[in-house]
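Visitor: Okay, here's what each chain looks like letter by letter:
Protein chains: 2
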Amino acid sequence: MKRIVNFSAGPATLPFEVLQQVQAELLDWQGCGMSVMEMSHRDKEFMSIAQAAEADLREVAGIQANYKVLFMQGGATGQFSFIPMNLLRGKQGIDFVLTGDWGKKAAKEAARYAKVNVAASSETDKFANVPARASWKLDPGAAYVHITSNETIHGVEFAADPDTGAVPLVADMSSNILSRPFDVSKYGLIYAGAQKNIGPSGVTIVIVRDDLIGQAAANTPGIFDYKQMADNESMLNTPPCFAWYVSGLVFKWIKDNGGLKGVGERNAAKAALLYDYIDSQDFYRNPVAKADRSRMNVPFTLANPELDAEFLKGAKAAELSGLKGHRSVGGMRASLYNAMTLEGVRQLVDYMKEFARIRA
Amino acid sequence: MKRIVNFSAGPATLPFEVLQQVQAELLDWQGCGMSVMEMSHRDKEFMSIAQAAEADLREVAGIQANYKVLFMQGGATGQFSFIPMNLLRGKQGIDFVLTGDWGKKAAKEAARYAKVNVAASSETDKFANVPARASWKLDPGAAYVHITSNETIHGVEFAADPDTGAVPLVADMSSNILSRPFDVSKYGLIYAGAQKNIGPSGVTIVIVRDDLIGQAAANTPGIFDYKQMADNESMLNTPPCFAWYVSGLVFKWIKDNGGLKGVGERNAAKAALLYDYIDSQDFYRNPVAKADRSRMNVPFTLANPELDAEFLKGAKAAELSGLKGHRSVGGMRASLYNAMTLEGVRQLVDYMKEFARIRA
Chain A
1 MKRIVNFSAG
11 PATLPFEVLQ
21 QVQAELLDWQ
31 GCGMSVMEMS
41 HRDKEFMSIA
51 QAAEADLREV
61 AGIQANYKVL
71 FMQGGATGQF
81 SFIPMNLLRG
91 KQGIDFVLTG
101 DWGKKAAKEA
111 ARYAKVNVAA
121 SSETDKFANV
131 PARASWKLDP
141 GAAYVHITSN
151 ETIHGVEFAA
161 DPDTGAVPLV
171 ADMSSNILSR
181 PFDVSKYGLI
191 YAGAQKNIGP
201 SGVTIVIVRD
211 DLIGQAAANT
221 PGIFDYKQMA
231 DNESMLNTPP
241 CFAWYVSGLV
251 FKWIKDNGGL
261 KGVGERNAAK
271 AALLYDYIDS
281 QDFYRNPVAK
291 ADRSRMNVPF
301 TLANPELDAE
311 FLKGAKAAEL
321 SGLKGHRSVG
331 GMRASLYNAM
341 TLEGVRQLVD
351 YMKEFARIRA
Chain B
1 MKRIVNFSAG
11 PATLPFEVLQ
21 QVQAELLDWQ
31 GCGMSVMEMS
41 HRDKEFMSIA
51 QAAEADLREV
61 AGIQANYKVL
71 FMQGGATGQF
81 SFIPMNLLRG
91 KQGIDFVLTG
101 DWGKKAAKEA
111 ARYAKVNVAA
121 SSETDKFANV
131 PARASWKLDP
141 GAAYVHITSN
151 ETIHGVEFAA
161 DPDTGAVPLV
171 ADMSSNILSR
181 PFDVSKYGLI
191 YAGAQKNIGP
201 SGVTIVIVRD
211 DLIGQAAANT
221 PGIFDYKQMA
231 DNESMLNTPP
241 CFAWYVSGLV
251 FKWIKDNGGL
261 KGVGERNAAK
271 AALLYDYIDS
281 QDFYRNPVAK
291 ADRSRMNVPF
301 TLANPELDAE
311 FLKGAKAAEL
321 SGLKGHRSVG
331 GMRASLYNAM
341 TLEGVRQLVD
351 YMKEFARIRA
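Chains as they are written, first to last, in full-length UniProt numbering: chain A, 1 to 360; chain B, 1 to 360.
One or more hints might be untrue.
Since copy identity is lost for identical chains, a pair holds within one copy or between any two.
As a list, the in silico DSSO-like pairs of lysine-lysine whose alpha-carbon atoms are at most 27 angstroms apart [claimed, not checked]:
id	residue 1	residue 2
1	Lys252	Lys2
2	Lys290	Lys186
3	Lys126	Lys104
4	Lys186	Lys91
Don't read these hints as lab results, they were simulated from the structure.
So here's chain A without its partners, still in its complex pose:
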């Protein structure tokens, strides 16, 4: 069996112990005689998997009882539409703080359903920072304020949970959820596609304060109505069971590995190793303001972009994969999600050093 070091931005590397458990029980989950893929979602076996996953997520993330945890079908992109459908509550406008392409996409989709106000944006700075909180032009009448807590393409991350006062804060945390301790109570709604820090693609976690649901627009598909889903424990109809199950194993793995505190410390060490090297020389460069740099996605460019293809070819030969930058920005990108090891980052830095030594 071969295992590469996988820096893909998502779907992304998963904890090896989790994959081993999935493999071991693939034909027969804990002696029940079925694969998890074959279980009715109404069976007691799957119900126990589903409930344990939610309980572990609540424990790991410190989610208070007044928040619903939903395991929704599909990815975060669908939620770009379903959040306005559910959360406008008769209001007209939504405030967006834009720090990258994903926030722009979310705003574009929201504009189908609401008046979008760009309260702040770092687009003129090529999304190389998070606009200072004091500069945000918020509308006190907005239904909510939307941020993207980590932008995977530009490698920009909110260093802390911002405060938006009485207007609910909504965060797309797809690419940094569960990567460090965070304060759920600062948010009205948090959503995250699973395929970075949680599990396989096809399930999206929505954590929503219970006073915000129950006023979905009439055109909201029932299966994406948060109140209906909350009332049916995310099983209004068949959920993405297998993705839910693997997600649950990942939550347990986090619990068993120091919780979010432990995860956060390891992620900080991994990111520091890479950024410190990048900042120590001129062959590679990261454009993001230091305080706003992502610990999850580290984009970097080579001083001479003509060497990009050779860099990637050599990386592949060294079994370091997924390093090509997003097609919209070019260059390189190393994604360092929870399941990436410090040793993996060390291998990358060693490769970068050697490549620079030969080609500089």
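Starting from the structure of chain A, add chain B where the hints point.
Guide: Relative to chain A, chain B alone:
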């Protein structure tokens, strides 16, 4: 390792050979050093999986070039909303032919977006038949006619592909797709959640004639806009990759096992074995008109419903599972999807005979 005989209505039993392959390559897909769950959907590895799945499905089902095949996020319930959003094309009404609860649910969701006309319904007969084609009161101005080709709860199935002339026919084939040869060209759109005859829950196949797309309503979420998805090969954003991959293995398994002709013959034999026994005695009973009986889901009742619990307990002891009827109708139900073996049905019939012998 234990394996039970799993008669669940869905998620449901999968071909054992498919599960074995998934298990074998779970940590390292074909020597690439990653699990399929860890692959970027833009990687050449996943692209090859995705394209092979579509090609095999097209070959197995005989899908013509003027049809798009989409691998959509989520389940069929979401499509209850997304089909009207995509297919109204400026028209006002939709015709529904109701043969069970799933058709009713589809109509209820469609009513959020369009005028619903019930062109025919067997509800007054407790959904124990398919209304004769001649009795359907179709509206020639309807955007489309919707049927549920197999109703999992009531065990009612269209014996043949109906003809609706110039008005496009839309079919929810979630529970009988790929169970026998069928004529795609009779349909404007076919949709099916994967978790019965295709793969794990979390992906839904949409097969749509290309002249019907490109006129989605303005409020259609981009990720559920068929034209946008078709233009992006179902990867407008991250698809449910792992479910897509397992589905592809199932399509290959069908190809390797006689195609739809072979599958159809085996399904006919399995259903005949069970129905012939039920019709041969008075202890068990199936209420559906013979011509309209489902080969996929066989509901049956015991003459004395007080014995239901004991029947289920004994079945469980004999490692026959998933036989409890849907909570809305009670009694029993045996689902005989493609992956159910003739031997499995034989074991069920033997158990039923023995139970009747002791308790009659």
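Visitor: Is it within, between, both, or neither for Lys290 and Lys186, if the alpha carbons may be no more than 27 angstroms apart?
Guide: within (24 angstroms within a copy, 60 angstroms between copies)
Visitor: When Cα atoms must be at most 27 angstroms apart, do Lys126 and Lys104 count as within-copy, between-copy, both, or neither?
Guide: within (13 angstroms within a copy, 50 angstroms between copies)
Visitor: Classify it for me, Lys252 with Lys2: is the Cα-Cα distance of at most 27 angstroms met within a copy, between copies, both or neither?
Guide: Result: close both inside a copy and across copies, 25 angstroms intra and 25 angstroms inter.
Visitor: Are the CA atoms of Lys186 and Lys91 at most 27 angstroms apart within a copy, between copies, both, or neither?
Guide: Answer is within; shortest intra-copy Cα gap is 21 angstroms, inter-copy 45 angstroms.
No hint from the list above goes unmet by this structure.
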